[in-house]
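Visitor: Protein chains in written order, with our numbering: chain G, 1 to 696; chain S, 1 to 268.
Calculated directly from the structure, the hints in this document are not laboratory data.
Note that beta-carbon positions come from the ideal geometry of N, C-alpha and C, so glycine has one too.
Warning: the hint list may mix true and false statements.
To be verified - Below, simulated DSSO-like cross-link-like pairs (lysine-lysine); rule was C-alpha separation at most 30 Å, straight line:
no.: 1; chain 1: S; residue 1: K212; chain 2: G; residue 2: K316
no.: 2; chain 1: G; residue 1: K524; chain 2: S; residue 2: K40
no.: 3; chain 1: G; residue 1: K646; chain 2: S; residue 2: K160
no.: 4; chain 1: S; residue 1: K163; chain 2: G; residue 2: K646
no.: 5; chain 1: G; residue 1: K646; chain 2: S; residue 2: K230
no.: 6; chain 1: S; residue 1: K12; chain 2: G; residue 2: K646
no.: 7; chain 1: S; residue 1: K40; chain 2: G; residue 2: K646
no.: 8; chain 1: S; residue 1: K212; chain 2: S; residue 2: K12
no.: 9; chain 1: G; residue 1: K307; chain 2: S; residue 2: K163
Stated by the list, open to error - Coverage of chain G stretches by chain S, computed from C-beta distances (three or more under 8 Å per stretch; other residues unrestricted):
no.: 10; segment: 36–48
no.: 11; segment: 252–259
no.: 12; segment: 584–598
no.: 13; segment: 672–678
As the list claims (entries may be wrong) - Ranges of calculated distance between the beta carbons of each label pair, as one might list FRET restraints:
no.: 14; chain 1: S; residue 1: K160; chain 2: G; residue 2: E543; range: 20 to 28 Å
no.: 15; chain 1: S; residue 1: K160; chain 2: G; residue 2: E608; range: 29 to 37 Å
no.: 16; chain 1: G; residue 1: E460; chain 2: S; residue 2: K114; range: 36 to 44 Å
no.: 17; chain 1: G; residue 1: K524; chain 2: S; residue 2: K160; range: 36 to 44 Å
no.: 18; chain 1: S; residue 1: D115; chain 2: G; residue 2: T159; range: 35 to 43 Å
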Amino acid sequence: MRSSEEPPLARDDLEDLLEEMLDPVLSSRRTAAPLAEALSALPAAHQYFVLHWAAAVAASSTELAYQVVALAREALSTLDQEGMEGWLVQAMDVYDKRGLYAASAVLKDLRGFSRTLRDTRSGACFDEVASFLGLFLCGLSGRRLDLQTADVPYTDTATVYLPGRLVFFPSRERNQSLYKTMAAHLWAQTRHGTFNRDLEAGIVGCGDPAAALANLATLEAIRLGARLAEFLPGLAAEMHALRTDPLPPEAAAMVPELERADATVDDSLAVLWRLGPGILLPQWPYVGILRPDQALKVRAARIESEKSTLRAELAKLAQESRRSKPSDRGAGRFRVEQEPEKGQDLTLLLDERPVAPPDGVTQLLRSIVLDLGEIPPEYLAAAGDGAYDDTASGAEKDPGAAQAGTDAQIYDEWDYRRGHYRKAWCVLQERQVHFGDPGFVPATLAKYGPQVRQLRRRFEALRGEDKVVRRELFGDDVDLDALIEAHADMRAGHALADRLFLRRDAVDRNMAVMFMVDMSGSTKGWINDAEREALVMLCEALETLGDRYAIFGFSGITRKRCEIYPVKRFEEPYSEDVKRRIAGIQPLDFTRMGVAIRHLARLLSRVEARTRLLVTLSDGKPDDHYDGYRGEYGIEDTRQALIEAKRLGIHPFCITIDREARDYLPHMYGAVNWALVDDVARLPLKVADIYRRLTT
Amino acid sequence: MDPGSTEVSLIKAEPYYEPVADEIQLFEAAYHGRLPVLLKGPTGCGKTRFMEHMAWRLKRPLVTVSCHDDLTASDLVGRYLVTANETVWVDGPLARAVRAGAICYLDEIVEARKDTIVVIHPLADDRRFLPMEKRGELLQAPPEFMLAMSYNPGYQSVLKDLKQSTRQRFVAIEFDYPEPELEQRIIERESGVDPRLAAKLVRLADMTRNLKGSGLDEGASTRLLVHAGKLIARGVAPRSACQGAITQALTDEREMLTAVNELVHAVF
């Protein structure tokens, strides 16, 4: 770029240059003179910039170049040079695709472009903050909340809805930070019981419902701000700073009442009524709106389901305790002690003796307290033995007959209620995966080009690790430590040791790993895409590493149609066929995990290896819509199958994308034998990494 | 190794330790019953400090060996060294501990080579001797000797699992991060920050522990909190101290860094 001191080009020189460049579209009525006139007023740097781009555009279309020059002065006054380049490039892109007319429309919409540009530069979008916000909310604890986009921020107590894009502030950082305060505020609503009252009923008669709810949202923001200030002062201060619009004096007078430590949503409602319908409270940017209708629905469904789950869990606990202490038959009465100053800490007592509930139950108790403020006594009445629907059995005495003449294999299934196996209960068949798009693997490798290279390098390094083997009988070099020791031994009168060499070679990792891929219907769409991409990345890594591996998909519907889809067997090389099978993995039916684990564990145990690893890629709980393979039953059967696998000398591990995984995976796989990949889009990049951590 | 340089010595001042449950009684009972002990627990929750405290309490010297993947049996038991004109035998730390009737603490035992772990087997059951193959000697452990080792069950690697034949020789004591009030007291005491600040650190730690399994391998340990507290006590601003001592120590991932940092900012 020319320096700014350089004198600008004169009008006549410019006219000559432009005439030459734009000649084809000039005429006696359309001359270069007015263009040159306009340009001559610009500094030299801008003139050259415009001429450079005009020439570039003229190479495609002289007419477009003419328009560029005609608009240049205005453009330079609205956009900086980088913005202007963006504007021109966009116009030329449109020209290439849709021709001159569309392109000149882009050029003329200079103001629109500059507005969008400002927004993209300063705005924050949901996608870029979603995964960090998810972690942030998870850290703040309380109930796990999902994140979704919506026009206005609100929460239904299970999901936090945030706008897809925020351009409230002129800088991106501040917009991102606004996202955080919004999300935290909505979390605080669920944490501190905003929806523990029927808000819709609470505002009836207090003027226009929408206005009343908006006012209530502001009052709640004051109350929650004070609650947060106690434990999260940094966050509360950020929120406070966003309250720039002042409260009207009559509302400001009520603030101390809302900021009391024991204030609840009832106090906010009371203040709302006292202020009356006429008042208009400020709408602070992070507060969002209240949607009591949505919250009520979600909350009611959750309360109902948690009540029954809790009662069933307690029944099980009571049963367990009876079994462990048969002599000591208490009344089986549960009670919960809540220590107010400890906040979320609850103690569960059975017949006045504390019991240690499983993690899932603790979560459940906490969640119920969040909704109701306490554990109501009727929740603690353990519900019978759980109604067990056994209609499906009996009918089929010999499941094998259903699949006569095939290579079907029969497996038992664990029924936790009986504490026994159901014999020969599941019929499993191996089926072929249909070949998928041959372009899928190359496309994935291209998509993750740099990451694939990085992955290969990292796994090569891994293969190279520990290459030096000490104290060998023969080798490339003398093992000095061994030699010195042997020398000393010899001088002390011992025989000279013969293992004195170092050898460098690839340590035999002697590892066999089986990947079990969830092909259930719930993986449909991008989860399936992510799974397949993850497999491609994994194959790249494992091929580099040289570990023996196999890939099998599993799905099924009912106990008589459990299916296993071999994608790659241990002895099979990573061939074109395998690649096309990976591409052909598709979502099918349900997730009956137990039988799949039993079958694959049996295959894996036949492979000679020092370490055998069974890695499951899954998106949720084991679940088959039929024969009661749901919830507890499915989890317990899967757990049993994994215990059997461990007995065969297999290490099971699970990689999941289910955010609820914490509630049930530790029970199935053990406290550490699982990993959660929160963000599906990152699955392909993460799986290989997890495998690396797992095997070093 | 310089022969005789690491004399086993007694711990004179009481190492600060806050009991969480009945671990002190359990350890003492194991000691008097001549049983070896396995301390299980995540990193930085006080296992090593507990050992120091117990050694002081039982008035025995403590020999600590940090295990690594190149640790051989000779490194533990001993070897011949050639000096000017003769060869001398030098005891390894384990043999030294046995002779002195000390407490030998093998830290992070799973890091040691598999074949190394086996030499402690005869020492860890009722035989209580250490075979010194090179000297053709069986070193019988005196009644005061005790073997202890630590193990972090949180490792996900399948190669870092303790074999049944090893683990079933030990009395296991489980350690975890202390209860909030206790942890707060430990931080106050160890770092010298005021109770309010210590409580905030504990709250922050709790939030990071919520993230375990969602991208963090471990939440912030008590040790990290003490580090942060020490920085703050020396005048570093709390946010910078937590950033340095906690956030960066926990993870390298950008998103997780942002999330943990935001938690820091929320608390301070």
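Visitor: With reference to the structure, classify each hint as holding or not holding.
Guide: A quick look at each hint next to the structure:
no., hint, result
1, S:K212 - G:K316, "28 Å, holds"
2, G:K524 - S:K40, "42 Å, violated"
3, G:K646 - S:K160, "16 Å, holds"
4, S:K163 - G:K646, "13 Å, holds"
5, G:K646 - S:K230, "45 Å, violated"
6, S:K12 - G:K646, "47 Å, violated"
7, S:K40 - G:K646, "21 Å, holds"
8, S:K212 - S:K12, "38 Å, violated"
9, G:K307 - S:K163, "42 Å, violated"
10, 36–48, "violated (count 0)"
11, 252–259, "violated (count 0)"
12, 584–598, "violated (count 0)"
13, 672–678, "holds (count 6)"
14, S:K160 - G:E543: 20 to 28 Å, "25 Å, holds"
15, S:K160 - G:E608: 29 to 37 Å, "22 Å, violated"
16, G:E460 - S:K114: 36 to 44 Å, "25 Å, violated"
17, G:K524 - S:K160: 36 to 44 Å, "37 Å, holds"
18, S:D115 - G:T159: 35 to 43 Å, "54 Å, violated"
Checked against the numbered hints listed earlier, the structure breaks hints 2, 5, 6, 8, 9, 10, 11, 12, 15, 16 and 18; every other hint is satisfied.
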